[in-house]
Amino acid sequence: MISIFLFLPFIAGLFLCLIPPKHLGVFRWAGIFISGFQVLFALFLWVGFRISSGIQYEHFVKWVPALGINYRVGLDGISLPLVTMTAIVFLASFIYSYGQEKRLKEYIILFLFLETTCLGVFLALDLIIFYLFWDLSLIFMFFIILLWGHKNRRRAAFKFLIYTFVGSLSLLIGIIGLYLMSEARSFDMLEILAENPLAGSGQTGSLILLALGIGFAIKTPTFPVHTWLPPAHVEAPAAGSAILAGILLKMGTYGFLRIGMGMAPEQWREYAWVIMVIGLISILYGALVALGQRSFKALIAYTSINHMGYIVLGLGAVGLAGNASEELQTLIITGSVTQMVAHGLVTGMLFLFTGMLYQRTGTYEFKRLGGLARVVPVFAGFTAVAAVASFGLPGFAHFVAELQIFAGTIGIVPWAGIIALLGVLIIAGAFVYNLQRIFFGAMDEEWRLMADLKPYELVASLLLTLSFIIVGIYPNWLIKVIQPASKAITDIINTIP
Amino acid sequence: MSFIILTIPLLPIIAAIILLIAALLQRGKKLAFPLSIGVLIISLGLSIYASLNPLQIDLLWFEPISLSFKIDGLASIMQVTACLITIAVLTAAHDGLSKQNRARSFGFMLMLLAAALLASMTGSLLVLLISWEIMAIAIWQLSGFLWQNSQVANNGAKVFMLLRLGDMGLYVAVAVAFSVVGSFDIAAIAQTSGQDIHLITAGLVFSAVTKSAQLPFSIWLGRALNEKAHISGTLTGALLVVSGGYLLVRSFEILELAAWALPLLAWTGGLTAFIMALVALVQKDIRQILAASSASQKGFIIMAVGLGSMSAAVAFIVAHAAYKGLLFLGGSYFQIYSGSTQLSYLASDENELSNKKKTKSIGLILFSLAAFSLAGLPPLSGWIVKDDVLAEATQALYILGMLAGFITSLYAGRLFWIVYHSKINFPTLKISTNKNLTIWGMLLLSVMILAGSALLVPVVSESWETLIPGPKAPHPGIWQMSFIGLIAVAGLIISRKWHQQRQLEPFTVPYIPSAITTMLYNWLGMGKVLNGLVAAILSASRKFANFDVYVLDKTTESIAMFCVRTANKSAKDGENGIEGLVNGVTHLISKAGSAARIPQTGLLHNYYAQAVTVLCLFIIFILWFT
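Chains A and B, in that order, give the protein sequences. Following this note's numbering, the numbering of the first sequence begins with 16 at its first residue and continues without gaps. Following this note's numbering, the numbering of the second sequence begins with 1180 at its first residue and continues without gaps.
Any given hint could turn out to be false.
To be verified - Computed list of lysine-lysine pairs in DSS-like fashion (alpha-carbon distance at most 27 Å, straight line):
#1 A:K502 to A:K166
#2 B:K1463 to B:K1676
#3 A:K166 to B:K1208
#4 B:K1722 to A:K382
#5 A:K166 to B:K1651
#6 A:K120 to A:K77
#7 B:K1707 to A:K382
#8 A:K382 to B:K1208
#9 A:K469 to B:K1733
No lab work stands behind these hints: they were computed from the structure.
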C-alpha cells in the first residue's frame, strides 16, 4: 500500500506524458486531483497508524541481494508527519499553479515526479533507495529552476545542481562507508540502526560522520555552505521555491536526525559541540542577513537558514546532554520534527506569496514596493499572518516547535540557548521591518490597479494557513505520534557509555 | 463547568478575529462597536461569575507541556479592571475614530484585551508568555495604526521590537523553569533550589522591567503614545497599565528566592518613578505627559513589589488604571473637540474654538478628578495607594518616593490648571448626540476612582488584602499619610503659581537649567539611542548581507572555479604530457629498433664475437652476485 502512495504521482505523471500538451485544463486539474488524493491518502495513513516507535506500513522487495540493496520503504512517527506535510505543500503548490501557462504539461509532470522523489526520501528504509530519491529530487528541481525560473535562472540552476551534487557525493561516500563498516554488509537502514557499525571505530567513524554531515549540511543548509540557496530561491518559480524550501531542505535535517545521529551516535556525541556551534551561527547569521536583504524572496530564503539552524542547534545539544536528561533530549528531537513540519507549511506559503507578488508587480525589490495594503488588503493580511507565524507567535506551529527546542536546549546548554533566542528576536525584526516596506507607507501610483487574491490563490493560502494554525493551537495529536520515534533515537544516542 | 472560565479570553479573541477579517474585506463598520461592547460586557459578567469560586485547571496542550489557568482574587481583580477600562476606552474610540478604521482598531483593541484577560488568569509562566506575545502584536498594530505613513509604521515596529525583547526574558525563564522543574507552574518553580533560580529570576525581572517601561526601556511607551499616533494607539497606554507589575505580583514566590531581585526592583522602580516624573513635567503634549507619567507610575508599582508589599502593588495597579484611563480619555475628549492635545493650544487665548461664554463642562470636572487623584490629593485613591507603597520604604528609597510624589503632583497640577483655565468651551453632557459616548466612559472611570477611596475604611482594606496572595505591608501611620497629602497640596499650589507666571508654553521649570529641561523633554535621549541602535543593527545587517554575497559566496564560487580551471589546465597540460610521453616512448622504441639493427651485420664471425661477449658478461654477472 505504501508503495502505491509513493509511486502514484510518478505513474500519473507517466500517463500524463501521453496526453497532448494543448489540453491545459486536464493538466491543471490532474495535478490538483492527484496531489489532493495524496493528501487524503496521507490522512488515511494517520488513521491506520498505531502510536509506537516501530516502522509501519512496511514494504520489502529484494532488489540486489548480493550487494545488500533492497527496496524497503515504511513509516514511523518521524516520517509520517513529514510525508503528510509534503503532500499538503505539494497540493498547495499545484493549486497555486492553476494560473501557470508556460509549458504546462512538462511543469505538471515534473512536479508529479518530484513529489514521488520527495516522499521517497522520507519513506526509504534502505540507504541506496534513500540516496536514489535524494539525487533524483535534485535533478527534477534543477529542471524546474532551469525551465521556469526568472532572468538568471541558468546560472542559479547550475549552481544549485553542482553545489548540492557535491553534497550528494559526500553523502554517498558516507553511505558507502557505513556499508563497509557494517558486519552484515547491508544498506538496510534498520539493520544498520540495530547494529551501530561505527561503534568504537575511531577515526574512520568520525570521517564517515564528516562525509555524511557535509552532505546534510549543504542540503539543510547551514552556515557556511548555504550560498547556493538564495540564488536558487530567487530565480526559481514560486511553487518550485515552496517545494525547495518546504520539503527539500527538510531532507537535510531529516538526514541529520535519522542517519547522522541514528547511525553514528558515538561520533555524534563526540562532535556534538561542533554541530551545535554551526547551528548557533546559522541562527544568528541567517537572521541578521535576512534583516539586511533588499528583496522579499531573498528575505524568506535567509529566514530558512535561521529556522533550520534551530534544528541543528537542538540536535547538537542532544548530543551534548548527559544520559540523565533523556526527557529533554526527546523534547528537542520532537521539537525538531515539529519545526520541520512548521517550516514546510509556513515557508511554503511565504514563497507562494512571493510568487503572487511577482505576478502582480514583476519585482521582489522592497525599494520599488510600498503601501500595497491599500490595494491588496487580503493579500497583505495573509502575508502578515504567515510572517507572524514564521517568527514564532503563539497559536502557530513554529511556537510549538521552538518552545520545545529552546526548553530542551536551554536546559542542556544554557548559554547557547539564550544566545539563540536573539535569533528569534532578530528574525521578528527582519519580518516586521521588511514587510512594512512592502505593505505600509506610501504607495507608488503604478500599483493602483493591482488585483487582490484570486480564488485559487485564496484556496492555496487557506489550506496552508489552516494547517499551521491547527498544529499551533492543538498540537497534541502530532506530538503524540512523533514522540515514541524521538524516544527511540534518544535511546540510541544514550546507549553509548 | 470549570471550562467556562476559558471563554473569558476566548470570546474577545474570537470577536477580534472576526473584526480583523471584516477589516481586511473592508466591512464591519457598523458591527464593530456593538460587537465589542457586547463581548466586553459578557466577559465582564463571566469574570465576575468566575470570581465566586476560585479554581485552577490544567489542560494538556501537548505531551509533556500543559497550560494552566487560575482564577483567584488577584485574577478577578485584574480581569474586572481590564474590562471596565476597555469599556471606557471603547467609548472614546467610538467618538474619535473615522468609520473606515473602526473594525481594524476595535479588532486589535479586543485582541489586546483578550491577551490581558489571559495574562491575568495565568497559572503558569507559559500562559503568561503566550499572552504577552499576543499583546505585543496588538500594541504594534495600534501604535503604528496609521500605517499609510511609513514613519508611524516604523514607530510601531520599534515599539513591537522593544516589547518582544522583553518577552525574551520571560522566554528564558520559561525554558529554564521547564528544564529544571519540568513544569511551568509558578508554585512548583518556587520549590526549586540551586543556581538556576537566579537565571529564572533574571529573566522575569528583565521582562517585567521592559514591559513596564522602566528605565532604560521607558521609551517604548513614549513612542507608542507620540503626537503622530492615532487615537486608538493612545488608548493602549490606558489598557496596558493593568498588566504592568502583574507578572511580578504573580511570581513573587520565585522572586523571593533570589536575594538580589527585590532590592533591584525597588530601586529601579523608585528611580523610574522619580526621573520619569521629571520627564512628564516638561512635556508639551498631553499624550506625552501621560506616557511619561505612566512609566513613572509603573515605577511606583515595581517599587511596591520590590518592597514586598503585594496588596499595595495591586491596589496601585487598579487605582492607576482608573485615573490614568480617565486622563487618557480626557486627552482624546479634548482632541475630539479641539483637534489638538498640545498644551500650548489648549492654553492659548486665540484659537477658533474660544468662546467668551465659558461653562465648566462635566468632562472638565471628571478630568480634574483624575488629575487630583494622580497628584495624590486626599482622600482620593491615588493618595491612599501611594501611602501604602511608601509605608515600607527605607530612608533613601522613601525620600526618592516622596520626591517622585511631589513632582507628580506638580505635573498633575500643571495639567489641571492649563485645562481649567483653557478658553476652549467643551460641550456639556448631552446624551442625545452620538458623539458624546466618551463622557459615559469618563463617568464610569470616575466612579472607579471614587470607589477606591473606600480603601480608607479598615474593613474594606482588610478584605482587599485577603484577596491578594503574597506578603502584606503594614499600613502607614496617620502622620505619614498627612505628610504625603500635604506634599500633594503643596505641589498643586506651586504649579498654580507657575501657571500664572508663565501661562504660555514653552514650559520651563524654575531652578532647573534649560539644558537639563531639554534633555528631559527629549526623554533623556532614549529615543535617539533607540534610533541609533536600530540604525546600527540595520547597517550591520546590510554589511552581513553584502558579506554573504560578495565574500562567502564568491569564495565558494572561486573554489568551484579553481576546480574548473585545474580541470581545464590538466586537460590541456595532461593531454600534451601524455601525448609527449607516448611520442617519446615511440621515438625511443624506434631508435632502439634502429640500434638493434646495428649488430645484425649478417657476418658469422661478428655473431660469434657477440655471443662470446654476452657469455662473458653473463659469467661476470653471476660471479659478481655469488
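Evaluation of the provided hints:
no., hint, verdict
1, A:K502 to A:K166, "47 Å, violated"
2, B:K1463 to B:K1676, "18 Å, holds"
3, A:K166 to B:K1208, "45 Å, violated"
4, B:K1722 to A:K382, "18 Å, holds"
5, A:K166 to B:K1651, "71 Å, violated"
6, A:K120 to A:K77, "34 Å, violated"
7, B:K1707 to A:K382, "25 Å, holds"
8, A:K382 to B:K1208, "33 Å, violated"
9, A:K469 to B:K1733, "40 Å, violated"
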